[in-house]
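2 protein chains.
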Amino acid sequence: MEQDFRALANLYKTALLDDVLPFWERHSIDWEQGGYFTCLDRNGKVYDTDKFIWLQNRQVWTFSTFYHQIEPREDWLAIAANGADFLAKHGRDAAGNWYFALDRSGNPLVQPYNIFSDCFAAMAFSKYALASGKEWAKDIALQAYDNVLRRKDNPKGDYNKAYPGTRPMKSLAVPMILANLTLEMDWLLPSNTLEHVLNATVEEVMTDFLSDASFAPYSDRKLMYENVAPDGLLIDCFEGRLINPGHGIEAMWFIMDIGNRLGDSKLVHQAIEIVLNILDFAWDREYGGLYYFMDTKGHPPQQLEWDQKLWWVHLESLVALSMGYRLTGRQECWDWYEKLHEYSWSHFADPQWGEWFGYLNRQGDVLIDLKGGKWKGCFHVPRSLYLCHQQFDALSAAQAYPY
Amino acid sequence: MEQDFRALANLYKTALLDDVLPFWERHSIDWEQGGYFTCLDRNGKVYDTDKFIWLQNRQVWTFSTFYHQIEPREDWLAIAANGADFLAKHGRDAAGNWYFALDRSGNPLVQPYNIFSDCFAAMAFSKYALASGKEWAKDIALQAYDNVLRRKDNPKGDYNKAYPGTRPMKSLAVPMILANLTLEMDWLLPSNTLEHVLNATVEEVMTDFLSDASFAPYSDRKLMYENVAPDGLLIDCFEGRLINPGHGIEAMWFIMDIGNRLGDSKLVHQAIEIVLNILDFAWDREYGGLYYFMDTKGHPPQQLEWDQKLWWVHLESLVALSMGYRLTGRQECWDWYEKLHEYSWSHFADPQWGEWFGYLNRQGDVLIDLKGGKWKGCFHVPRSLYLCHQQFDALSAAQAYPY
Chain A
-3 MEQDFRALAN
7 LYKTALLDDV
17 LPFWERHSID
27 WEQGGYFTCL
37 DRNGKVYDTD
47 KFIWLQNRQV
57 WTFSTFYHQI
67 EPREDWLAIA
77 ANGADFLAKH
87 GRDAAGNWYF
97 ALDRSGNPLV
107 QPYNIFSDCF
117 AAMAFSKYAL
127 ASGKEWAKDI
137 ALQAYDNVLR
147 RKDNPKGDYN
157 KAYPGTRPMK
167 SLAVPMILAN
177 LTLEMDWLLP
187 SNTLEHVLNA
197 TVEEVMTDFL
207 SDASFAPYSD
217 RKLMYENVAP
227 DGLLIDCFEG
237 RLINPGHGIE
247 AMWFIMDIGN
257 RLGDSKLVHQ
267 AIEIVLNILD
277 FAWDREYGGL
287 YYFMDTKGHP
297 PQQLEWDQKL
307 WWVHLESLVA
317 LSMGYRLTGR
327 QECWDWYEKL
337 HEYSWSHFAD
347 PQWGEWFGYL
357 NRQGDVLIDL
367 KGGKWKGCFH
377 VPRSLYLCHQ
387 QFDALSAAQA
397 YPY
Chain B
-3 MEQDFRALAN
7 LYKTALLDDV
17 LPFWERHSID
27 WEQGGYFTCL
37 DRNGKVYDTD
47 KFIWLQNRQV
57 WTFSTFYHQI
67 EPREDWLAIA
77 ANGADFLAKH
87 GRDAAGNWYF
97 ALDRSGNPLV
107 QPYNIFSDCF
117 AAMAFSKYAL
127 ASGKEWAKDI
137 ALQAYDNVLR
147 RKDNPKGDYN
157 KAYPGTRPMK
167 SLAVPMILAN
177 LTLEMDWLLP
187 SNTLEHVLNA
197 TVEEVMTDFL
207 SDASFAPYSD
217 RKLMYENVAP
227 DGLLIDCFEG
237 RLINPGHGIE
247 AMWFIMDIGN
257 RLGDSKLVHQ
267 AIEIVLNILD
277 FAWDREYGGL
287 YYFMDTKGHP
297 PQQLEWDQKL
307 WWVHLESLVA
317 LSMGYRLTGR
327 QECWDWYEKL
337 HEYSWSHFAD
347 PQWGEWFGYL
357 NRQGDVLIDL
367 KGGKWKGCFH
377 VPRSLYLCHQ
387 QFDALSAAQA
397 YPY
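Respectively, the protein sequence lines represent chains A and B. Counting in the numbering used here, the first sequence runs from -3 upward without gaps. Counting in the numbering used here, the second sequence runs from -3 upward without gaps.
If you are wondering where the hints come from, they were derived from the structure by calculation, not from laboratory data. It cannot be assumed that every hint is accurate.
Unchecked claim - Stretches of chain A that chain B covers, calculated by requiring three or more beta carbons in the stretch to come under 8 Å of a beta carbon on chain B:
(1) 143 to 157
(2) 290 to 300
(3) 358 to 365
Quick caveat: nothing in here was measured; it's all calculated off a predicted structure. A virtual CB, placed ideally from N, CA and C, is assigned to each residue, including glycine.
Please construct the entire structure, taking both the sequences and the accompanying hints into account.
As structure tokens, this is what we get:
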């Protein structure tokens, strides 16, 4: 594959602006009752009208972000507003916590059983406030941010099924989401908050969640773990042995981005190293693609879907590798990028009906041909296409003016 | 396939007594700390020592049942006692509710978040009381039974995430488990309890959970639904559209058994009809085997593992078909039995290392080669082998003395 960065930048931009965003604009907006339909079949037809708060908020975020960062198109702002207004009215319980799901007209279906709904709400309303200039959106963003801070040490609250004390554990998702959120909301927060949170995140993620090699006989290199003891020790149980390659890789491009902001090139290289380790560990040598879940010891994983190939895992890897290559020029990043590019564009993109498939079986055939559902919405595809475009755009500029 | 019922009866008996039970006897008993290891790899090696209450109780049930019904072998009773003593000591919280999981030594890991742990405890201790004659086991069984009755209208209690009132729903699992439990505990309950519960179950299951044909354009025949509105109406949402073929078929052999007890041959035939409908709906015409989950309208299911072939689905179908054939002699039962027999014995049984595989991919290849885990233990395989043996034993006797 040729290193034609301009062509790659255009590929991603065209896919984003001429295929993916129009798909969601055409099929997903519930102009009648507010919010979005996210359950869309292969050609965009709505097959279920329930409204899942993660995806509702993520779509507000996507259209607000692109309005703010790509082009202030009124139709994009109107789409963001259609979600934001609906969510402001129906998304929260009396205590201000964000539900997990609503029915089409906004009646609550599923209680606020973890903090991720609040995380995505904070991100959505922060970006919507930036895009729209609405003061009330800022208030909603800050309230959701406070919920996250208040509940972060017990993200599931009363719905936490773990018996206290027997086997305390913390999850990679919590520091990652907190850092992500704080970056998004920097403009609304006290001036030293961001620096403080980013430093704490880097420290916790790169110390506690990195593997002890003796615990991973199937790999002599460090991996990112999903769940560890509060002091960072590894736990020999299903949750403790779990590797979620896509999540680890997503976390690492995030750390690269932070390293780049802080001018810490050692951190950038360390994050790249871990991405390469995870890719090597999780690449399916028989059929290609990255596994969804693995057990660090090679034991049977609990997740029956462990060998499936998921869209977001591959898109986040494209982001990590293009970013790693842009920041360091390392050949391994390019080699892996080519491999992932070839696999992802030939398996996930759907030139016939638009957008990307979400779920392939191990062999790479489409397993479920939805374009959107309870977990796949207008988020990973457009965000990743946009981020990859940015990396190649910068690489192309550097190629054109290499001084 | 020849209708040599004696040979089939022997096949099932040999598999049970010479393969499956010895596998669990050899590998799963934690003589040191009590209870059982259920996480066993292909050749029986323990890969995780956590103790999941469903499977612990089910193994007590299995060995107690076989001690009581097959042969009073002291080694079987000792195995049952090793689980019962451990569970009596560690299985319940201060209020008497059954946890979901313990660590190896019995410390609670996962709270009592639904009533199924209590159901399986009631079944286990009832059978253990019968086998061992221990009075205290009766008390534990009755206490667990009371928990189930008390909590049956809200099986998840405080852990129920559904927002009250928006979309009320009831699950097939609840009446089925209650009927099963009451049958098991008949000898401990007031004399009219069983008749009352069985009548109510038959009425509810065969009325409320059977499909409205207009709701199932992909089938012109009635199917068994997992979740319906309290009044039996179908709900057009993910849970409401869900068909779990194995569960529906298991429920129907249970209804056949009740019909047979009540001398209600119309009910037996009705249950068989539904089994045949479900098999027709859920049989994979390309690769063989029965799907795990389906959407009645053919929409994308939420369960990523929907197309996998699971051991218990096929074993419960073998029970339903052999029982249906024994009770009615219907040719369709025999034809489907042959098809299921051929698929199951050639794909799930593991002649090399013993016991049965649990999880195949759609193509029928082994997906996860465990013999036991968090959900697969010493239960469906031995119970189904035993029940199939019984059907063919009866058919063989009728063949020998057909009057």
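Verification of the hints:
no., hint, result
1, 143 to 157, "holds (count 3)"
2, 290 to 300, "holds (count 6)"
3, 358 to 365, "holds (count 4)"
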